[in-house]
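S.K.: Please put together the full structure from these sequences, using the hints given.
Letter by letter, the chains look like this.
Number of protein chains: 4
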Amino acid sequence: MSADEIAKLLHAEFPQGFYPGCSYNIERVGYGDICVRWSFDENSLRPGGTVSGPTMMELADFAMYVAVFSAIGPQPLAVTTNLNINFLRKPARADLLADAKLMKVGKRLAVGEVTIHSEGTDEPVAHVTATYSIPQTR
Amino acid sequence: MSADEIAKLLHAEFPQGFYPGCSYNIERVGYGDICVRWSFDENSLRPGGTVSGPTMMELADFAMYVAVFSAIGPQPLAVTTNLNINFLRKPARADLLADAKLMKVGKRLAVGEVTIHSEGTDEPVAHVTATYSIPQTR
Amino acid sequence: MSADEIAKLLHAEFPQGFYPGCSYNIERVGYGDICVRWSFDENSLRPGGTVSGPTMMELADFAMYVAVFSAIGPQPLAVTTNLNINFLRKPARADLLADAKLMKVGKRLAVGEVTIHSEGTDEPVAHVTATYSIPQTR
Amino acid sequence: MSADEIAKLLHAEFPQGFYPGCSYNIERVGYGDICVRWSFDENSLRPGGTVSGPTMMELADFAMYVAVFSAIGPQPLAVTTNLNINFLRKPARADLLADAKLMKVGKRLAVGEVTIHSEGTDEPVAHVTATYSIPQTR
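Protein chains in written order, with our numbering: chain C, 14 to 151; chain E, 14 to 151; chain R, 14 to 151; chain D, 14 to 151.
These are calculated hints, taken from the structure and not from any lab test. Be careful, since some hints might not be right.
Each pair may be met inside one copy or between any two copies, as identical chains are not told apart.
Heads up, simulated DMTMM-like pairs for lysine to aspartate or glutamate below, C-alpha to C-alpha not over 25 Å straight-line [claimed, not checked]: (1) K120 / D135; (2) K120 / E55; (3) K117 / E132; (4) K103 / E136; (5) K103 / E26; (6) K120 / E136; (7) K114 / E26; (8) K114 / D135; (9) K21 / E55; (10) K114 / E136; (11) K120 / D54.
Bear in mind the structure is a predicted one, so any value in this text is a computation, not a measurement.
M.R.: Put into structure tokens, the structure is as follows:
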């Protein structure tokens, strides 16, 4: 699926989460290898002036969802079964870019990693591995 | 710290996230052993009509934050370094209750687990372990 | 399956790992709720005189394996798909006890947690969550 | 530290685990970016004829240990605080190569990832993230 097809599917299936003007933009889509941008928003700060952890977890989960679609096609009922995040550095007051890459695309499970960095810096602010369960279709 | 003291501190330090009328309520606070309620909200559903994964991750992170305060006092700059979540069952269309318990309160790190279940059911919908880094105060 | 039946199955299927006189003993078996003992052994120490991390990871994986058998019967081809461990305290120079409890027994996945403590102390030295994939049998 | 210096240190500090003729060989050492080989051994198989999970966890932990040394010098008392492993594919009956790369080298914590693959194949058999706590020296 292309970035446009995935955006349309997400908007149709998940209108509360993904809509024109929301914080997410799908920047790049290859097979199991995608990038999502989160636009900086003052409401997502936490004490210390940092982008909050849940903002990064939600971005990582969304990026994995897009990566799964890019590899196995429209499966809106694919669900996360495990997500592990390491917070590495304080993010800048800037957009976040999440690069997701699948390491395994099996019949039942897809496993990937997501590296998040602040735009304009190289070092990652968070690293995620996640597993998605793929519904069986007959 | 008591539930009221923690609520006041969170409201002062983190007014975007915790305020009268927000989705969270601190139900119970013991030493390193607390419970937070999340009030059901149609906007947090994902495809399939389920409460979204990020809603549960944010709740777990918030519950750990409260548990850390309950044990070491006001440390708004404590930050999550690692969070691992297993999604176990589809939540009901109901409030979620998150029970957080610290397994270790060290000088530098606090480690805990959070079990989330839907109100009215016994079996957990998600289980989380998380590590918080405690800032050194001199 | 009872402790004896599980011990026999493990010895038959996995003679390199589990045999009379090996370091593991199955102490207690309930449905998805078991305990395994690891007998202290000087060869498993690491710098600092502590029982090594891999010793605890192997014990946790073995305990989960026994817990899966206790719930779904003989499935020697069940495999771990994810394991997350938090090391909490320096273990004593003593036996380790691993209590494993399944939080979910699904058709495809079983998820559990394992708490490890040194004999004679109450506080856990390590906490593990793990997911096993259950082979489909027809 | 070079591969030779690290091997000497490990042999001195940890003679039960690392010695001439043991299963591990340090193949390559850069700053926070190393490779360790594990030599295939029939005793490490599990039911199904696969290299066992604990063998891969131990290898990953050892590789992270070498990576930490490569970046911060001789710190034999550095300890793992968290390790998360995803098992991706059945390994071949062959040597395993573990590439470890640090994503963060802080004053208190080092965080890295380890990708393990069977010699002669490209796709990873396991992926690990781990956190080491660095003792404060003064």
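S.K.: Please go over all the hints and tell whether each is borne out by the structure.
M.R.: Hints and how they fare:
Within a single copy, K120 and D135 get their C-alpha atoms only as close as 35 Å, which misses the 25 Å cut-off; across copies the closest is 20 Å, which meets it. In this homomeric assembly, K120 and E55 never come within 25 Å of each other (Cα to Cα): the closest approach is 41 Å inside a single copy and 29 Å across copies. For a Cα distance limit of 25 Å, the shortest separation of K117 from E132 across copies, 18 Å, qualifies, whereas the shortest one inside one copy, 28 Å, does not. Taking identical chains as interchangeable, the C-alpha atoms of K103 and E136 lie at most 25 Å apart only when both belong to the same chain, with a minimum of 11 Å there against 32 Å between chains.
Only between protomers do K103 and E26 lie at most 25 Å apart by alpha-carbon distance; the minimum there is 18 Å, versus 33 Å within a single protomer. Taking the closest pair of Cα atoms, K120 and E136 come within 25 Å of each other only across two copies (16 Å); inside a single copy the shortest separation is 34 Å, beyond that limit. For the homomeric pair K114 and E26, the shortest alpha-carbon distance inside one copy (23 Å) is at most 25 Å, but the shortest distance between copies (36 Å) is not. Taking identical chains as interchangeable, the C-alpha atoms of K114 and D135 lie at most 25 Å apart whether they share a chain (18 Å) or sit on different chains (15 Å).
Only between protomers do K21 and E55 lie at most 25 Å apart by alpha-carbon distance; the minimum there is 22 Å, versus 27 Å within a single protomer. For the identical chains of this complex, K114 and E136 are neighbours both inside a copy (17 Å) and across copies (13 Å), given an alpha-carbon limit of 25 Å. Taking the shortest Cα distances, K120 and D54 never come within 25 Å of each other, neither inside one copy (38 Å) nor across copies (30 Å).
In this structure, the earlier hints numbered 2 and 11 are contradicted, and the remaining ones agree with it.
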